[in-house]
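Spelled out from the first residue to the last, the chains are:
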Amino acid sequence: MSCTIRIASPLRSYTAGAATVAGTGTTLAAVLEHLEAHYPGMRFRMIDEQQRIRPHMRLFVNNSEARELSAAVRDGDTVHLICALSGG
Amino acid sequence: MLAPMAHTLWIATRKGLFVLRAGTARRSWTLSGPQFLGHIIHHVVQDPRKPRVLLMAAKTGHLGPTVFRSHDHGRSWQEAAQPPAFRKAGAGEEVRAVERVFWLTAGHASEPGTWYAGSSPAGLFRSGDGGDHWEPVSGFNDHPLRPTWAALGTPDGAFLHSILVDPRDPQHLYIGISIGGVFESTDAGRSWSPLNEGIAADFLPDPTVPFGHDPHCVVQHPLQPERLYQQNHCGIYRLDRPQRRWQRIGDAMPRKIGDVGFPIVLHPTDPDTAWVMPMDGQTVWPRTSVGGKPAIYCTANAGKSWRRLDRGLPRSQAWFTVLRQAMCADSHARTGLYFGTTGGDVWASSNAGESWRCIARHLPEIYAVTHAA
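Here the protein sequences line up with chains W and U, keeping their order.
Be aware that the first sequence starts at 1, since it is given in this note's numbering, and climbs by one per residue.
Be aware that the second sequence starts at 1001, since it is given in this note's numbering, and climbs by one per residue.
This is chain W alone, in the form it adopts within the complex:
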């Protein structure tokens, strides 16, 4: 399954500045695994060692927030990696 991944600005140091990259996978977990293979280190900045989404990260599949990495991703979906507003 192919998807589009939109990258929040704090993560673009991993994508050489790209705001959008192509992804693949049938779940959010698989998409992030694929992303990590291409952009090493990126996943851990979003997902902690207990496989929880970090407190100031929000992951969306299209317009729906995904609270679990098991969320389904379908062909043509857009995955948004969003940094939540985070203080001063």
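Calculated directly from the structure, the hints in this document are not laboratory data.
Being a predicted model, the structure only gives us computed values, none of them experimental.
Where is the CB? At the ideal position from N, CA and C, for every residue including glycine.
Some clues are possibly wrong.
Cβ pair distances, simulated, as ranges [what the hints assert, rightly or not]: (1) U:PRO1286 <-> W:THR24: 31 to 41 Å; (2) W:GLY41 <-> U:CYS1358: 16 to 26 Å; (3) W:THR15 <-> U:ALA1373: 53 to 63 Å; (4) U:ASP1156 <-> W:SER70: 54 to 64 Å; (5) U:GLY1198 <-> W:THR15: 24 to 34 Å.
Partial chain U-side listing against chain W, Cβ under 8 Å, derived [to be verified]: (6) LEU1063; (7) GLY1064; (8) GLY1130; (9) GLY1139.
One-sided excerpt, in silico: chain W residues whose CB lies under 10 Å from chain U [to be verified]: (10) ALA8; (11) SER13; (12) TYR14; (13) PRO40; (14) ILE47; (15) GLN50; (16) MET57; (17) CYS83; (18) ALA84.
Got chain W sorted already, so can you dock chain U onto it with the hints?
Coordinates of chain U only, in the frame set by chain W:
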């Protein structure tokens, strides 16, 4: 970046990394940066075994904690391939994730690739490859008493700091936990025991407990490693091993100043000389310079007496807070001392604290100041 100079100060701030550089005479300091603007930098440490190497503990407001490494005096940085992280929790186990890497310590001279990291929540991690891959030190992180030792924490959680490696023995380690106390291992971190006898814990119902103390900063003299000093939440202490009972040397401080503070810094060659930055620990704990009149206090006799050093520092209305990693000394024949404030100023002395001048202003909140030769 500028070429390496005789003296470099790495300034870790809440908003990025800055550098101050000076020649041998330390007359003129040049500020550069920021690097990693917007990153929360908790610590930057030069590798004494390979002075070109630096490690930096960082995160951002959004992104998780990591470690960056430089092999060229800070000109370029590479992120660790495997940053410090707890092992995956099993069923029914406490679920912990590193929220911030707070402290970095280079390993023993005989172990050139070894580094240690301390985290919040309180965790200890080791790298054997120069900080690229990190593993949990399970002897501490999975110790059955660890949840009890680090039960209280601070408003930012319990965190592990002051990782000390005995220069005589790579297996002999000390750590500090706020809140938790000082702990010692003599087998490279496989087992640990508390080392808090004699330390006050005025904030606890039972102030005589074996752990649960709040060591703000613990240091070991490199040339006399049996000597430890500690700036604690409840006073200044000295311990000469193999003794196990700390002596409250802060009792010799002026009563109106008290002996509360965050940092304690040792003279590089004289184990009897140390400097502290007292702060107001009365009533609601302002944690600012006492009376708005900042001063360093120095002992030259291992804590029997203290002398106020404030020439050049503001005489009034200066409400400094200097955090535990934000004060350091250099190794110049006439010791240089440096501290950074939470208000973003860096102050320097090139005569062991006798006089001071401000060498940088208006930086973000300063978390750590480390000297690199």
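Status of the hints after comparison with the structure:
A hinted range of 31 to 41 Å is violated for the C-beta pair U:PRO1286 and W:THR24, which are about 55 Å apart. W:GLY41 and U:CYS1358 have their C-beta atoms about 38 Å apart, which leaves the hinted 16 to 26 Å range violated. The beta-carbon spacing between W:THR15 and U:ALA1373, approximately 37 Å, falls outside the hinted interval of 53 to 63 Å. For U:ASP1156 and W:SER70, the Cβ-Cβ distance of about 32 Å falls outside the hinted range of 54 to 64 Å, so the restraint is violated.
Hint check: U:GLY1198 to W:THR15, Cβ distance near 54 Å, so the stated range 24 to 34 Å is violated. A distance limit of 8 Å between C-beta atoms decides the matter here; for U:LEU1063 the minimum to chain W is near 4 Å, and the interface restraint holds. Checking U:GLY1064 against chain W: minimum C-beta separation of about 5 Å stays under 8 Å; hint holds. Because the smallest distance between the Cβ of U:GLY1130 and any Cβ of chain W comes to about 16 Å, over 8 Å, the interface hint for this residue is violated.
Checking U:GLY1139 against chain W: minimum C-beta separation of about 19 Å lies over 8 Å; hint violated. Given the 10 Å rule on beta carbons, the hint for W:ALA8 holds: about 8 Å separates it from the nearest Cβ of chain U. Among the interface hints, the one on W:SER13 holds; its C-beta lies about 9 Å from the nearest C-beta in chain U, closer than the 10 Å criterion. Interface hint at W:TYR14: satisfied, since its Cβ lies 9 Å from the closest Cβ of chain U, which is below the 10 Å cut-off.
Here the hint on W:PRO40 is kept, as its CB sits about 7 Å from the closest CB of chain U, short of 10 Å. With its C-beta approaching chain U no nearer than about 8 Å, W:ILE47 sits inside the 10 Å limit, and its interface hint holds. For W:GLN50, the shortest C-beta to C-beta distance to chain U is roughly 5 Å, which falls under 10 Å, so the interface hint holds. Taken as an interface hint, W:MET57 checks out: its beta carbon lies about 6 Å from the nearest beta carbon of chain U, inside 10 Å.
Hint status for W:CYS83 relative to chain U: holds, with the closest Cβ pair at about 4 Å, below 10 Å. Because the closest C-beta pair between W:ALA84 and chain U is about 7 Å apart, less than 10 Å, the hint holds.
The structure is inconsistent with the numbered hints 1, 2, 3, 4, 5, 8, 9, although it conforms to all the rest.
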